[in-house]
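Just so you know, the protein sequences line up as chains C, U, V and Y, in that order.
The working numbering numbers the first residue of the first sequence as 1 and each following residue consecutively.
The working numbering numbers the first residue of the second sequence as 1 and each following residue consecutively.
The working numbering numbers the first residue of the third sequence as 1 and each following residue consecutively.
The working numbering numbers the first residue of the fourth sequence as 1 and each following residue consecutively.
Rather than coming from a laboratory, the hints here were simulated on the basis of the structure.
Please note that the accuracy of each hint is not assured.
Claimed, not checked - Just a few of them, taken from the derived set where beta-carbon distance is under 10 Å, the chain Y residues facing chain U:
id	residue
1	L118
2	A144
3	H228
4	G231
5	K383
Said to hold, decoys possible - Mimicking EDC-like on lysine to aspartate or glutamate, the simulated pairs with C-alpha atoms at most 16 Å apart in a straight line are:
id	chain 1	residue 1	chain 2	residue 2
6	C	K323	V	E156
7	Y	K384	Y	D434
8	Y	K455	Y	E366
9	C	K323	V	D476
10	Y	K403	Y	D434
11	U	K323	Y	E156
12	V	K455	V	D467
13	Y	K221	U	E33
14	Y	K221	U	E181
15	C	K200	C	E181
16	Y	K221	Y	D252
17	V	K221	C	E29
18	V	K455	V	D387
19	U	K323	Y	D190
20	V	K221	V	E192
21	Y	K403	Y	E446
22	V	K383	V	E366
23	U	K200	U	E181
24	Y	K455	Y	E474
25	Y	K116	U	E37
26	V	K384	V	D402
27	V	K116	V	D252
28	C	K200	C	D221
29	Y	K221	Y	D190
30	Y	K384	Y	D402
31	V	K221	V	D190
32	V	K116	C	E37
33	U	K200	U	E178
34	V	K221	C	E33
Just so you know, even glycine gets a beta-carbon here, dropped at the ideal spot from N, CA and C.
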Amino acid sequence: MPFIPHTDAEVRAMLAAIGAASIEELFDEIPRELHAENFAAIPEGVPEMALMRLMSERARADGHYLNFIGAGAYEHHIPAAVWQIATRGEFYSAYTPYQAEASQGTLQVLYEFQSMMASLTGLEVCNASLYDGASALAEAVLAAVRAQGGARRVLVPRSVHPFYRDCVRAIVRNQGVEIVELEYSRETGATALEALSSAKGAIAAVVAPQPNFFGVLEPVDEITDWTHAHGALAIGLVNPLALALVKPPGEWGGAGADIAVGEGQPFGAPLSGGGPYFGFMCARQALVRQMPGRIVGRTVDAAGSPAFTLTLQAREQHIRRAKATSNICTNQGLMAIAATIHLALLGPSGLERTAACCRANTAALARRLAAIPGLRRRFSGAAFHEAVLSLPRAVAPVLEALGRERILGGFDLSRHYPELGHALLVCATETKTGDDIARFAAALERLLAGEKSC
Amino acid sequence: MPFIPHTDAEVRAMLAAIGAASIEELFDEIPRELHAENFAAIPEGVPEMALMRLMSERARADGHYLNFIGAGAYEHHIPAAVWQIATRGEFYSAYTPYQAEASQGTLQVLYEFQSMMASLTGLEVCNASLYDGASALAEAVLAAVRAQGGARRVLVPRSVHPFYRDCVRAIVRNQGVEIVELEYSRETGATALEALSSAKGAIAAVVAPQPNFFGVLEPVDEITDWTHAHGALAIGLVNPLALALVKPPGEWGGAGADIAVGEGQPFGAPLSGGGPYFGFMCARQALVRQMPGRIVGRTVDAAGSPAFTLTLQAREQHIRRAKATSNICTNQGLMAIAATIHLALLGPSGLERTAACCRANTAALARRLAAIPGLRRRFSGAAFHEAVLSLPRAVAPVLEALGRERILGGFDLSRHYPELGHALLVCATETKTGDDIARFAAALERLLAGEKSC
Amino acid sequence: MLIFERSVPGRASGAQLPPAPGDAAPLPERLRRQRAPLLPEVSEMDAVRHYTRLSQMTFSIDTHFYPLGSCTMKYTPRAANAAAMAPEFLARHPLAHAETGQGFLGCLFELQEILKDLTGMAAVSLSPMAGAQGEFAGVAMIRAYHRARGDAARTEIIVPDAAHGTNPATATMSGCSMREVRTDRDGRIDLEALRALVGARTAGLMLTNPSTLGVFESGIKEVARIVHDAGGLLYYDGANLNAIIGRVKPRDMGFDVVHLNLHKTFATPHGGGGPGAGPVGVAPRLAPFLPIPLVARAGEGYRWADERDLPQTIGRLSAFMGNAGVLLRAYAYARLLGRSGLRRVADYATLNANYLMAELLRAGLELAYPRRRASHEFIITLKKLRDETGVSALDVAKRLLDKGVHAPTVYFPLLVPECLLIEPTETESKQTLDHFVGALREIAAEARADPQLVKSAPHSTPVRRVDEVRAAREPDLAWRGA
Amino acid sequence: MLIFERSVPGRASGAQLPPAPGDAAPLPERLRRQRAPLLPEVSEMDAVRHYTRLSQMTFSIDTHFYPLGSCTMKYTPRAANAAAMAPEFLARHPLAHAETGQGFLGCLFELQEILKDLTGMAAVSLSPMAGAQGEFAGVAMIRAYHRARGDAARTEIIVPDAAHGTNPATATMSGCSMREVRTDRDGRIDLEALRALVGARTAGLMLTNPSTLGVFESGIKEVARIVHDAGGLLYYDGANLNAIIGRVKPRDMGFDVVHLNLHKTFATPHGGGGPGAGPVGVAPRLAPFLPIPLVARAGEGYRWADERDLPQTIGRLSAFMGNAGVLLRAYAYARLLGRSGLRRVADYATLNANYLMAELLRAGLELAYPRRRASHEFIITLKKLRDETGVSALDVAKRLLDKGVHAPTVYFPLLVPECLLIEPTETESKQTLDHFVGALREIAAEARADPQLVKSAPHSTPVRRVDEVRAAREPDLAWRGA
Ligand SMILES: Cc1ncc(COP(=O)(O)O)c(C=O)c1O
Ligand SMILES: Cc1ncc(COP(=O)(O)O)c(C=O)c1O
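With the rest of the complex left out, here is chain C:
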């Protein structure tokens, strides 16, 4: 019996100790009519050998592609050590560290994680992870609304990832929070500052993405200052890798953003079809009691030695129940552990070099693609590591054709930003070489030139 250690003799001895005649009898408090027998849609079990073959055949069916899609999930080099350590049984198969003395390893790593993220964002406190970047943004919006106590309107630029905006809406809608979208400049790709001023009524918070979904760097100082001038809280939504190069939220404008959230995936999480990744939330000290989720603190043990523990739990659902800052319980602990190891291996120089490579490679890619007849770069703003290109015809069939050449050519913007026409969002991280870019460009050029009908 897979994973069940019991022998027949043991089962008999155990039943005797219980005083039951059979295992069946242990279910006698369950009304008869609830006992189900038909589970026909579930196949019978297979040995590990067969499972591994099945799964590796499925994996191989999904092949190997040269990937130029970013759009919120980025292909980065992950040092081999990261997952060889993170999947060690002690980290992999532990629960949330409720018993501090039995979990100092996990707790210390999470404290180090919080420290790294706080320093990267230039803010004072950080939690031990949220589900992902999109839901973290929703939590930030709710935290800001709670902290403000009155206004329930939050401004969110349209230059924020469309799926993030969907997710925020889905999560905050039932609490009566109103999301107002801000337009972006069709020329620079950054949020139009005029859009801010046209926003009406009391505002709880304003979200500023850095970089935004188009890869463009936003005027975060101006947005933050405007936000504070209007008595609202400024929420930075950041790609944490970009923070190796760009000004951290804690330093935006005169006073700094109040909260920073983002998707942690660029730090050690494989693309893996969309998850698991992790969200993070950092904030000013004053907002710590609005923070959702686990927080690890450093303290001492009975002998006075440094020790770590979950803390400020009075914010959380298991203590505060209906009054908690969030319902989150299980978070993305292992991803935070992997991120910590990843960051320790990269260090400040590795992180900066990686970010610079991403910028340079995407710039090179955009230059090269814009040289293809009929293509042009869409936005003029300074960018991190994505670029929008206008194509002379519909994007989807082009991407499919590239797919047949084992190239993932970017993300089609036409559904979410119809006003941009045939627009393609591309990204070349540090994993891409000059040859990769040349291969992509050549394939695209050939496709656009050759098969006029595609």
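With chain C fixed as given, assemble chains U, V and Y with the ligands onto it according to the hints.
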């Protein structure tokens, strides 16, 4: 600098402590003319990211094949837990456990390994691994010759793996040991008992393979008894997986074989292009002082608790130097660790079922192939999990053609056993399904029928 | 020692540096970062050694018995991890078009089908990223359903007093108010109290069954009738599904929506706190509201389904596909066990809990619900021990660490004083359970003979008892440099 | 507790059982096994927990400083392991025809080229499976060379008194007799003694340089001249190549054949005792005798070369291709470091050793060769400490374990009394070295203040001092049931 932690400031401080002006100066006892500068054939270093890409592209170039080759290296299911645990840093990056107190983990696993192998072979003692099966056979021959003190002639059946015979010869030749080969019966594929009796002069030892290279089971009782009757030592060469089904060397004949050796690869070692695998050697207690290599013993610590340590080191090179039982020092420790975990996960029932599956699958494969017009099964003897088939034409081109269909169709015997004509050695382990066998057979049938010229 | 304290300015893991970047226009000065972040500067070996050693300071299923009630700490098959970490799965971009990911999508589709059958529900969405997000999705669907029928007044969620904290917190997250219903001395919902609570404002009721009291709510059909009759819907918190998987379908008990904790019932790793996965299954009337994306059939293959397929969806709960890699692990687990194996989970989880309960009773410990069968877990109360010796449930929990056992859940559910909620799970052997009984027996004896020994426990962990009060009073949440 | 003691009859890891076997003719009764082997019957979790916990009871590079002289315990890059464990490499059958393994063969071929350049040799064979087998191959080639020239009398191998045990043992394995040559008080070979030893029976001389005394044999050219003039060949034991890699080519020193320990110099894992790899490189005159198989160019690709290419080969030393997977790891390592990185290995290994030597001298410890530079390692002698306090080198080694450091090599080389052979390697930081100096200083103080504390060490390891005498007197080498 990859893997070098030193900063410039530290290097300066360290040189100052040494009293040297530069690192160069530390090499000043090396004569000038020996300093080499030209290493042009070695490429400059690459980052881990580039290395991983290079290596995975090379790996993918070697593709995925449906494999029916056995011939001394077998494709078996290896539980995922085996290498996830064996590559834990503590096992993976430790040295030979010279300081027992700091290496109880490794030592206990190796003691468990010795225990498992001793029980499987039905012998009393086992060492902690040798390099591989072939060199283990050579060590057994040398141990037997030493133990016998006089005769230096050893009989080795031609039904032993040809590369093993090559290896034994290469290793024992310089010590004046003479290897005499014994013919096999062309009908059964087993060693001809008549061949034994025709052997001349004083004999130190006789090797009995079980199963032999053709997969055929040998008359090991008769060989062992004959050997003992002639005052020689009986060396069993076994596939350890077969021992789940067949009589262990310790029970062969009236007195049992004296030594058992073999290739441990079927226990947890991936095929991996030929290694690392591991050899094992088990023996009667009386021969323990002839045993080459490390041996772990169970003893107690200063507090009387059970503890483990390397023992009987007076046999070994670091103590006995020129009088040691062998020059072996580094062995295949990690492979023995993996094998131990593998065996613990399979247990006696898993091992027996695996062996039975291998036998049944190979039998099914041989039946199916022998049904192809022009093919026939070569030997009549009872077999474990390999079979020899006669083909109607040269084997090598057929194998190449099958390779193009991503099938590895077996091992061509014609070079090593020209007397068998166009003979092919095939194997279907527990990893092969009925569909796999059908696919192989259909491809082979098509090839033989269709392209008369190939 | 913190990794920061191992840091030396200028040190780096050289092999991890990418090649020197090519040209790019310099960033505008005002957008540029001025001070480098406080990240450690260490060698690759420093980092490997530091985190390897930290890992050794952590109890886990792979090293210890971990009978943490409500958390289902069972063996996490290593094969599931290996299968999900196939390089091609790891490399898959979530926005790559579906044709390039049929293997991945196939696994997810089949997992949807398996979960439908296990729960008896009509449709399943895999996207919620943990139990609590599944709960949120469920309550959001309930609200969307009422709203779609024009019944906007239904904003009350009823939960039993014993409910897990996420249930009331979810009610609030979903903009509902929470009403609590009592349980009786046998752990059953007080039906009279329930009848008094329901009404025109009732959106629904959230329930685990077996409950967090470790007993099966045998009056569940009546509970369902009361709520349904009042116009409310029933939400099944699947955190305890391990007790009845393959034996009872939540739909048959009358539930309209269910979430499963794959990181509990399906043995995906807990990872020191996550990631998990909390798929939701629904009865037909809630299907239009499921969170997206779903995986749908498309001819021979599969495709994503989104708001174009489900215009009434409550929306997206994550940027992409939830914790996709966790879903792969759960799929692997389901395939390894199959139909009969999944049913065996409930059998042996229940056997282990009832055996442990019987043996602890024999050892002199006091059960919270002595007249009931244990489900997959049960509660003991140490009130008497505390009154007699001053040794609390927390002290006992800490002392268990010295005996090489992770502590059960303590002080939850809140209504049982000095309680331990004990869940052995099906993957533990009789020997381990017997060892646990022995350990508790020893600790009880120690509490009487030398209470200070227990009150000052643990003694053998890497640190002694941690000062949690100080942690909360003087929060030190991030290292800021030496 | 042994895994056997966790065993319960009838228990099994169910997921590991293959499907029920199909039909096969029953085995003849007399060939059949009658009693099942004594293998443990445990669940998958039992096994995972047992071996995970055992692993934690082991010092290793990933957890501890491990300055084991002559063993080069340096950081083993995790990427090399990941690269070699690509599923396609692991699945490759050694007898699959070369066309199906061009990726694998390409790595091996390039590794041959890299090793040729590093050693200055004309040809390399990768097949020997550890240093000792490389030595055997080398001496066997030397003998084959003399024999091929009709000079069968050359059967003496000269080794220095300080030589590693494998050198004399190899001489015997190769059917030679061993002659020992003295070293002087500065660790140099006594050239007069050498001149007296060589002659018409000299097959060759085996030498490490730097030697196991931790010093460079600066008279190596003269040594080579003496041996060559006598008609012998020179064998280079590459175990200490870490000291001069990328700086000095063994061929330039006059060596005719060399083996490398890839598990030392190329950082492939030691694995608790192996697997290693001991490739051999040779000067042109020995090339015809190399062990097979080699990897050869074939057009654009690669093929195996065997006795059909090298009819004079000494033969095959393993069934297939040595420790092929270890070779892949070494190739990965060589590519990560490259030409400059390999040279840096020698630089920093030497810097670390000389720094540590200087600091230990400052801390009052006594050097065995105070007038010499350290190479990548050096020797201290604790004779004075032992004479004064009764605390031996072994006691100090055990006490170091309590300080979180693996002990250096003790009592080797045999000619230095109470010695510690200390090799820090290039991957350790100044901080670690300083900690080690502090630990030895503390222990020296303890030896004077409280010798019993040191003599009864270790105190903090999973077991106390192990009774090795009893282990050898009453050998218990295998468990035989309870
Ligand atoms: C009964 C119950 N409900 C809900 C949850 C919440 O699940 P998650 O932690 O996955 O969000 C838990 C988890 O501890 C639980 O035990
Ligand atoms: C100097 C020296 N030569 C030879 C060897 C033997 O190498 P191996 O253990 O790989 O057989 C060693 C290993 O310890 C050594 O240190």
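Hint by hint, here is what the structure shows:
1. L118: 7 Å, holds
2. A144: 9 Å, holds
3. H228: 16 Å, violated
4. G231: 19 Å, violated
5. K383: 21 Å, violated
6. K323(C) x E156(V): Answer holds: K323(C) to E156(V) is near 15 Å, not above 16 Å.
7. K384(Y) x D434(Y): Not satisfied, since the Cα-Cα distance of roughly 23 Å exceeds 16 Å.
8. K455(Y) x E366(Y): 20 Å, violated
9. K323(C) x D476(V): Violated, at about 24 Å.
10. K403(Y) x D434(Y): 13 Å, holds
11. K323(U) x E156(Y): Given that 16 Å is the threshold and the Cα spacing comes to 15 Å, the pair holds.
12. K455(V) x D467(V): Roughly 14 Å between the alpha carbons, so the hint for K455(V) and D467(V) holds.
13. K221(Y) x E33(U): Measuring from Cα to Cα gives roughly 10 Å; hence the hint holds.
14. K221(Y) x E181(U): Distance ~46 Å between K221(Y) and E181(U) Cα, so the pair is violated.
15. K200(C) x E181(C): Holds, at roughly 12 Å.
16. K221(Y) x D252(Y): 9 Å, holds
17. K221(V) x E29(C): Judged against 16 Å, a Cα distance of about 13 Å means the pair holds.
18. K455(V) x D387(V): 14 Å, holds
19. K323(U) x D190(Y): Cα-Cα ~24 Å, so violated.
20. K221(V) x E192(V): 15 Å, holds
21. K403(Y) x E446(Y): The given pair, whose Cα atoms are some 12 Å apart, holds under the 16 Å limit.
22. K383(V) x E366(V): 9 Å, holds
23. K200(U) x E181(U): Roughly 12 Å between the alpha carbons, so the hint for K200(U) and E181(U) holds.
24. K455(Y) x E474(Y): Violated, at about 24 Å.
25. K116(Y) x E37(U): Holds. K116(Y) to E37(U) sits at ~15 Å (cutoff 16 Å).
26. K384(V) x D402(V): Violated - the C-alpha atoms of D402(V) and K384(V) are around 23 Å apart, more than 16 Å.
27. K116(V) x D252(V): The hint holds at about 12 Å.
28. K200(C) x D221(C): 21 Å, violated
29. K221(Y) x D190(Y): 13 Å, holds
30. K384(Y) x D402(Y): 23 Å, violated
31. K221(V) x D190(V): 14 Å, holds
32. K116(V) x E37(C): 15 Å, holds
33. K200(U) x E178(U): 12 Å, holds
34. K221(V) x E33(C): Roughly 10 Å separates the two Cα atoms, so the pair holds.
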